[in-house]
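All chains should be modelled from the sequences, with the hints used to inform the complete structure.
Listed in order, the protein sequences are those of chains B and F.
Okay, so the first sequence: first residue is 265 according to the working numbering, each after it adds one.
Okay, so the second sequence: first residue is 113 according to the working numbering, each after it adds one.
One thing to keep in mind: the hints can contain errors.
[Said to hold, decoys possible] Straight line, CA to CA, 20 Å or less: simulated EDC-like cross-link-like pairs of lysine to aspartate or glutamate:
id, chain 1, residue 1, chain 2, residue 2
1, B, 354, B, 331
2, F, 539, B, 282
3, F, 530, B, 319
4, F, 542, B, 331
5, B, 320, F, 589
6, F, 530, B, 366
The set of hints was computed from the structure by calculation and includes no laboratory data.
Since the model is a prediction, treat every value here as computed from it, not as a measurement.
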Amino acid sequence: MTVAAIKEYTGRARDAVENFHGNQLLFIGWEDHLMFCAPFAFPFPPTMRFGDIVEKVLPGAYGYHPDWARIDWSKVAWIKSGVPWVPSFKHSLAENGLGHKDAIRFRTPGLAGIGGACS
Amino acid sequence: MDMQVPKKKLSLKERYTLMTRDLAWDTSYQPKEKVYPYAGYEGIKIHDWDKWEDPFRLTMDAYWKYQSEKERKLYAIIDAYSQSNGHLGVTDARYLNAIKLFLTGVTPLEYMAHRGFAHVGRQFPGAGARVACMMQAIDEMRHAQTQIHSLSNYNKYYNGFHDFPHMYDRVWYLSVPKSFFEDAMTAGPFEFVVSIGFSFEYVLTNLLFVPFVSGAAYNGDMGTMTFGFSAQSDEARHMTLGLECIKFILEQDPANLPIVQRWIDKWTWRGVRLLSIVAAMMDYMLPKRVMSWKEAWEIYFEENGGALFKDLARYGIRMPDCAAQIAKEKDHLSHQVWATFYNYGAATDFHTWLPDAEEMDWLAQKYPDTFDKYYRPRFEFWREQADKGNRFYNKTLPMLCQTCQIPTVFTEPDDPTKICYRETTYKGDKYHFCSDHCQHIFENEPEKYVQAWLPVNQIYQGNCFDDGVDPGAPGFDPLAAVLEHCRMVHGRDNLDFEGSEDQRNFEEWRGMSKRNA
Numbered sequence: 265m266t267v268a269a270i271k272e273y274t275g276r277a278r279d280a281v282e283n284f285h286g287n288q289l290l291f292i293g294w295e296d297h298l299m300f301c302a303p304f305a306f307p308f309p310p311t312m313r314f315g316d317i318v319e320k321v322l323p324g325a326y327g328y329h330p331d332w333a334r335i336d337w338s339k340v341a342w343i344k345s346g347v348p349w350v351p352s353f354k355h356s357l358a359e360n361g362l363g364h365k366d367a368i369r370f371r372t373p374g375l376a377g378i379g380g381a382c383s
Numbered sequence: 113m114d115m116q117v118p119k120k121k122l123s124l125k126e127r128y129t130l131m132t133r134d135l136a137w138d139t140s141y142q143p144k145e146k147v148y149p150y151a152g153y154e155g156i157k158i159h160d161w162d163k164w165e166d167p168f169r170l171t172m173d174a175y176w177k178y179q180s181e182k183e184r185k186l187y188a189i190i191d192a193y194s195q196s197n198g199h200l201g202v203t204d205a206r207y208l209n210a211i212k213l214f215l216t217g218v219t220p221l222e223y224m225a226h227r228g229f230a231h232v233g234r235q236f237p238g239a240g241a242r243v244a245c246m247m248q249a250i251d252e253m254r255h256a257q258t259q260i261h262s263l264s265n266y267n268k269y270y271n272g273f274h275d276f277p278h279m280y281d282r283v284w285y286l287s288v289p290k291s292f293f294e295d296a297m298t299a300g301p302f303e304f305v306v307s308i309g310f311s312f313e314y315v316l317t318n319l320l321f322v323p324f325v326s327g328a329a330y331n332g333d334m335g336t337m338t339f340g341f342s343a344q345s346d347e348a349r350h351m352t353l354g355l356e357c358i359k360f361i362l363e364q365d366p367a368n369l370p371i372v373q374r375w376i377d378k379w380t381w382r383g384v385r386l387l388s389i390v391a392a393m394m395d396y397m398l399p400k401r402v403m404s405w406k407e408a409w410e411i412y413f414e415e416n417g418g419a420l421f422k423d424l425a426r427y428g429i430r431m432p433d434c435a436a437q438i439a440k441e442k443d444h445l446s447h448q449v450w451a452t453f454y455n456y457g458a459a460t461d462f463h464t465w466l467p468d469a470e471e472m473d474w475l476a477q478k479y480p481d482t483f484d485k486y487y488r489p490r491f492e493f494w495r496e497q498a499d500k501g502n503r504f505y506n507k508t509l510p511m512l513c514q515t516c517q518i519p520t521v522f523t524e525p526d527d528p529t530k531i532c533y534r535e536t537t538y539k540g541d542k543y544h545f546c547s548d549h550c551q552h553i554f555e556n557e558p559e560k561y562v563q564a565w566l567p568v569n570q571i572y573q574g575n576c577f578d579d580g581v582d583p584g585a586p587g588f589d590p591l592a593a594v595l596e597h598c599r600m601v602h603g604r605d606n607l608d609f610e611g612s613e614d615q616r617n618f619e620e621w622r623g624m625s626k627r628n629a
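Here it is, written out as structure tokens:
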């Protein structure tokens with residue numbers, strides 16, 4: 265049973281990729297920095313270079329945090345759908361295998377938020 | 113000598129029978145299944161509707177009499193309160209933000225409950241249940257109305273009260289209560305009474321009304337207190353109806369048990385997620401606090417709810433399995449949710465603020481295992497920055513849970529330093545959740561929840577701007593356009609309480625009421 269209904273019933277996925285005018289959603293979370301209360305949602309074209317996200321978009325979203333400027337990007341560990349994953353900064357989202365509504369997170373070793381409290 | 117024999121007065125029971133069940137009839141032109149098309153598809157089996165016991169035996173004439181009496185008292189108090197400028201007697205204008213949350217997030221639910229009970233009052237094949245649901249439908253309409261009337265007084269003086277039905281359909285955090293009720297209303301009639309009649313009205317209602325109504329009493333808000341008390345005797349009736357529904361369904365057929373248990377599991381969880389907004393209100397928004405969210409949870413759910421589920425054990429019903437996770441979250445919920453409102457305080461139609469030093473000490477005392485360790489550093493850092501003129505406003509939209517629609521702010525049940533990520537793939541699309549329980553609810557009825565109207569995703573689809581707005585225009589500011597679409601005035605309805613027009617006006621008016629100009 266995929267829904268309780270009086271007859272055969274199919275829902276329409278409201279967030280299908282074709283509704284985003286050429287973009288796809290990407291969710292990004294920064295581990296151990298809960299001052300940002302939840303992972304972020306972004307609409308990006310699949311042709312966007314992954315490095316552009318890190319270099320041009322994320323500073324606007326995370327730059328307020330004092331840890332942001334201290335990140336050593338060569339040591340950052342990425343996670344996709346809960347498992348370790350290595351992105352290529354010079355390739356696009358599509359080439360990195362990132363699809364619509366994928367959720368990725370990054371851990372920044374040595375940085376544990378405000379007062380070391382993961383804030 | 114002839115004696116005049118007074119006409120025998122009907123007993124309560126006869127009266128009840130004549131004025132409720134005797135008003136029903138069996139159809140002869142149409143088969144019963146066509147007249148009550150929604151009665152069977154959920155799998156609930158009812159063999160004898162006459163076994164339905166109405167615990168109140170209330171008839172319509174008595175109902176009008178009681179209710180009109182209550183209305184007269186209520187409106188007399190509301191009039192006196194507004195004519196004597198009662199709003200200046202509240203502890204602080206900051207308090208009114210809790211009431212804005214109530215008007216935008218709770219009052220529309222009363223109206224939705226009216227619609228829901230009117231619907232099932234038509235769809236149940238049993239006349240006793242139909243009459244009880246009809247009266248509850250009228251109660252819920254009355255609650256919506258008395259709340260709107262009481263709170264309209266504040267709308268004359270303060271911001272954020274001006275357009276609650278419009279906001280209810282559009283503002284991001286109001287999609288949480290809205291989707292909760294729409295989920296219940298689009299279910300079948302039996303799931304609706306279990307979700308709203310039992311899980312919400314019986315198991316969780318005290319956790320909604322005590323914070324708001326006692327909060328009002330503690331903070332000098334006679335308007336809210338009065339409609340709360342006026343609703344109280346109705347609520348007692350609703351609770352009894354909710355419990356009667358559950359017992360009746362379970363007594364009718366043993367096959368009903370697993371279905372009802374699944375609904376109780378689902379709706380307890382959905383209700384608790386909804387109440388996380390109340391948790392934040394209770395611990396952070398009241399200038400004079402009643403008790404902590406954790407204490408309220410322990411009294412009203414763990415103790416009272418525990419006794420209830422013990423009582424229901426003879427039907428085979430057990431405590432919802434989410435109770436274990438909720439017990440772990442009670443130390444964290446309010447802090448995480450208030451921090452979320454503080455993050456997005458530019459997009460709320462009430463004001464936000466940081467707890468002051470005394471309030472943080474209270475929180476530390478009420479939450480000795482968690483507040484100082486996990487949350488104080490965050491609030492102190494924000495305070496430090498705000499004092500330097502660098503108040504934190506999060507301008508990037510968050511990921512939302514597909515089921516409860518709350519930003520995925522909740523942490524792993526066993527690790528408060530890690531956000532809880534859960535995902536599943538359905539028909540090739542990914543879906544994200546705040547918890548195992550929200551994920552299970554989705555997986556049980558994916559065709560329903562793939563349709564969720566998630567505000568963040570809708571904004572990115574371009575569906576949250578006024579007609580004629582061109583998102584492609586140079587210098588387009590999407591967040592400003594969203595606020596306008598919600599009819600929120602930037603700088604007036606949102607942002608910090610400190611420095612707000614509400615704060616200024618309240619101080620000035622209260623000063624005028626105490627001193628000569």
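Hint by hint, here is what the structure shows:
1. With a CA separation close to 24 Å, the supplied pair residue 354 of chain B and residue 331 of chain B exceeds the 20 Å bound.
2. With a C-alpha separation of about 15 Å, the suggested pairing of residue 539 of chain F with residue 282 of chain B holds against the 20 Å cut-off.
3. Proposed proximity of residue 530 of chain F and residue 319 of chain B is contradicted: the alpha carbons are some 25 Å apart, above 20 Å.
4. Between residue 542 of chain F and residue 331 of chain B the CA atoms are separated by roughly 31 Å; this puts the pair beyond 20 Å, and the hint is violated.
5. Of the supplied pair hints, the one linking residue 320 of chain B and residue 589 of chain F holds, its CA atoms being roughly 18 Å apart against a limit of 20 Å.
6. Of the supplied pair hints, the one linking residue 530 of chain F and residue 366 of chain B holds, its CA atoms being roughly 18 Å apart against a limit of 20 Å.
Violation of the numbered hints given earlier is confined to hints 1, 3, 4; the remaining hints are satisfied by the structure.
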